[in-house]
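Using the supplied hints, reconstruct the complex from the two chains, each of which is provided in its own coordinate frame.
As they're listed, the protein sequences go chains A and B.
If you count by my numbering, then the first sequence holds residues 1 to 255, one letter each, in order.
If you count by my numbering, then the second sequence holds residues 1 to 286, one letter each, in order.
Treat the hints with care, since some could be wrong.
To be verified - Taking lysine to any residue pairs in the SDA-like style, the calculated list, with each CA pair at most 20 Å apart, reads:
#, chain 1, residue 1, chain 2, residue 2
1, B, Lys171, A, Ala5
2, B, Lys171, A, Gly94
3, B, Lys171, B, Leu66
Unchecked claim - Over 12 Å on every C-beta distance to chain B, these chain A residues come out as not near it, computed from the model:
#, residue
4, Ala2
5, Gly16
6, Val67
7, Glu99
8, Leu135
9, Arg166
10, Glu194
11, Leu228
12, Pro236
13, Pro237
No wet-lab data here; the hints were simulated from the structure.
Note that the Cβ used here is the ideal one computed from N, Cα and C, for glycine as well.
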Amino acid sequence: MAGAALAVTGASRAFGGVYAVRDVDLHVAPGELRAVIGPNGAGKSTLFALIGGQLAPDAGSVELDGVRIDRLAAHRRSRLGVAVVFQAARIFHGLTALENVMVGAHSATRAGFVAGALRLPAHHRAEREIQARALECLALTGLADWACRPAEDLPLGQQRALQLARALCGEPRLLLLDEPASGLRAGEREHLAELLASLRRSGLTMLLVEHDVAFVMRLADQITVLDLGRVIAAGPPAEVRANPEVIAAYLGASA
Amino acid sequence: MSDFLGYVLTGLGIGAGFALVGSGLVAIYRVTGVVNFAQGAFAVIAAMLTSSLLTAGLPHVLSESLAVVVAAVVGVLVGVVAIGKPGTDPGTSLIVTLGLGVFAYAVEIVLWGDQPRSFPGLSGVATIGGARIQAHYLLIIAVTVPVFAALALFFTRTDLGKALSACASNKYAARVVGIDVRRMGLLAFALGGALGGLAGVLTTPVQQVTFDSDVTLIVNGFAAAVLGGLTRPAVALAGGLLLGVTQTLIAGYGGGAYQLEVALLLMLTVMIVQAARTGPVREAAR
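The shape of chain B in the complex, shown without the other chains (with noise of 0.2 Å):
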């Protein structure tokens, strides 16, 4: 039973960083329309830049925040060249991204090297229910839970968040009452960079990084986001959640080979179903 509890928490741990991935995701489809296949290269590079300014001796906290404002300039960078172009429609965006991601590759080579890089988290073993965790799993889900309560706020209570919002609902008409929907789509990258730049400092301590982890991570982000329809965080957070619990079951009850198998095998029952139940009706009403 204590075996179970322990999986389970682990899972939250896991998975939280799944969300997290999920809801950067989120955030840039919603507004934009492009699924951002470099999402994944967000995480990586705040992952490789907090270890090495944490190598150069500048403290926790401070390293991991430095990495996720890069991360989140980064996105910013990702989107000029993506969606900067007025016109551009979300299809060849989702293609630059992908182009982007593989060139982040040999940036990520060139500054830190092919090989895989980790950092201390957060140290000690916590025991609940008679569960024996590593403490660090506890604080990807205490940080992971505000944050998709704050970007929840965010997106409902502030103005920033309506446009955005509004953005999400009706290009069209945003543009008429006067909203730059370009600008917001920038925005919009921004939030998805330090989303997955959490995610990669986050993780980072329990399960290392290299340079083309984000193929790990953007499957299991784009599984637990496809959830939602990639336009829902909250279902998201849920669906990160619940791929990080059922893989680490599998892991721990029989064969950790098939963790990545079991997020695509998720992603494509939820899109074939999705696709069969709203799929025209939706191309049609946009």
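Chain A on its own, in the form it takes in the complex (with noise of 0.2 Å):
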């Protein structure tokens, strides 16, 4: 998987007067594991819709590899390979876990609708690929006994897990993930960030908004802080962990 470079350039986006991202800039190199922390308000999910495609910047853009996506609608960038994990399960009820996985990759290589309604041979051998694909993904995520299972039987944990399976077997070139680490055990949080470095270590470039600031502490080669939707710091771990800013607006917003 060859990740790609993320460039969010002076991105606004206001709601009513009050702007909830205000002139963010954000660069990812390719194959970089970012995680973009801050308290609660900060606008960190409004940044993360902001990239995923779910809202438009007011001013500013995104760009992915130098292309500009930030006009463009989500199913688009999906497309262009940025694949999304929310934080809410947001699986397909009534079809399998299997399925489930499928239906990303089946609209990313667009073997065509009309070879697959015909049954062609090529519709055959690409629907081969993707389950054989679909299944190393499940795998991956710990949710191959799960495969042939409606997707709503999963446990909460196991489907956030299967929107993590379903985002990889599109083989993206940028995965957002938001809060993916929220309400997991402690077991399931370790094998998640096992997971995740391992993906790291496959090249694709990973931005992961997140509360735990000790779970990305350990992740995260680089990390960006939020608040009050402007970034207030940037850089590595131990140098964020360090600033000053950083440590006010944590303790202020706990205070």
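Set out below in structure tokens:
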């Protein structure tokens, strides 16, 4: 998986005159694991939505490998290689876990609905390849045993993992994760950390929005800290941890 | 006894028509969240068009098939107007379809006039278990059952069907895996148009069609579909058949004037029961 470069430049987004994100710059190198942290209401989720395509910025740009994507619909960004894992389990009920994962790959490869409808050999080959990869992704996320179960039968933690498997099956170049560790038990959290570390080694670019500072400190290459919609610090974990403004923002938020 | 069997078979034929209209509603509602009030118009347009094509000398089957294709195209047009603008909420789209349904009256009157029309279907009378019924009712059933089987296969076995199901389950997630939700919505409208059109061309030989037949069709179709919460085609089929048989029995043994009232009563009862049981929970889950 060759990761893409992500460049957010001067991005702003306001809701009813209040800036949720204001003039944010965020440059992520290919293959980097970047974490975005910040207290509640810092604008993390808005920034995430601006990159994923659920929101459009009022000003500024979002580029993937130099191509502007900030005006593209979410499904177009997905086809360019932007995969999203939401905090809430957004899975497809009525389909099995395996089908959930394969739906993503179908849209990405576009082997062609015509070929699919006519059951052409090309379609069969593509179908087999996608299924093999989907099973691989399920195994990677610890869901191998659940493949043929209806997705809604999975426990909540597994539904989150299913989203991750679905995202990976599309062979993304940029993986966006919204608080993937929240609500996970210690063991699941450890498994997730290992998986993210191995994805990083494979060269995938990842952007992780996270509440749990300890979780990202040991995983991320670089950390960007948001407060009140602005970037107040960016750099390697050790540097960010020592930054007095960051400490003040977190203490101020919790005091 | 043979009367009873006759009523049941006739009812199944009529009910199959309701089920087709209902399944069109379901196909559109599942994917887009829009209750399409123009659904009855698809049937009327297809039926009127078939009568014109037959008059012009085209053979059966070809005329009906063409009319169904046109109904599918009309479905797409309705879809473009109703959901084409990104971010239109389903409530707004519903009102748009209602407006289009009324607009269709004007178009139908201009093109075909305001008199009832019909065309011959499968002629002849069949005798089953001592009951004599028009053969055309059997044709309606014989077409409807495979159509529903094909629908089920389409939704569960094909990529396109699965993509439609994915949109139905979670639009947000469908978008992030690269599914063009609007295009899927238009496809659902095409499917809804074809199913509505099919209902129109199948039922017209046994019950005529006027420009405002859509009211009867949509009320009965909706009553059939609402049994399955507007999301389950198989239940819509069962609902349509049940409704058709009930109405024919009531007409046969008593007041033929109360058919539409039966549908309305059934619909209201189902909706009240369902609202009391699952309403708030389902809204929250969306």
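Tested hints:
1. Lys171(B) to Ala5(A): Not OK: Lys171(B) and Ala5(A) at ~27 Å, beyond 20 Å, violated.
2. Lys171(B) to Gly94(A): holds, 14 Å
3. Lys171(B) to Leu66(B): violated, 33 Å
4. Ala2: The claim holds: Ala2(A) sits with its nearest Cβ about 18 Å from chain B, beyond 12 Å.
5. Gly16: Correct as stated: the minimum Cβ-Cβ distance to chain B is 17 Å, above 12 Å.
6. Val67: Answer for Val67(A): holds, closest chain B Cβ roughly 16 Å.
7. Glu99: Answer for Glu99(A): violated, closest chain B Cβ roughly 6 Å.
8. Leu135: holds, 17 Å
9. Arg166: violated, 6 Å
10. Glu194: The assertion about Glu194(A) holds, with a minimum of 24 Å to chain B.
11. Leu228: The claim stands: Leu228(A) keeps its Cβ more than 12 Å from every Cβ of chain B (closest is about 27 Å).
12. Pro236: holds, 30 Å
13. Pro237: Given that every Cβ of chain B is farther than 12 Å from that of Pro237(A), nearest at about 28 Å, it holds.
This entry does not satisfy hints 1, 3, 7, 9, going by the numbered hints stated previously.
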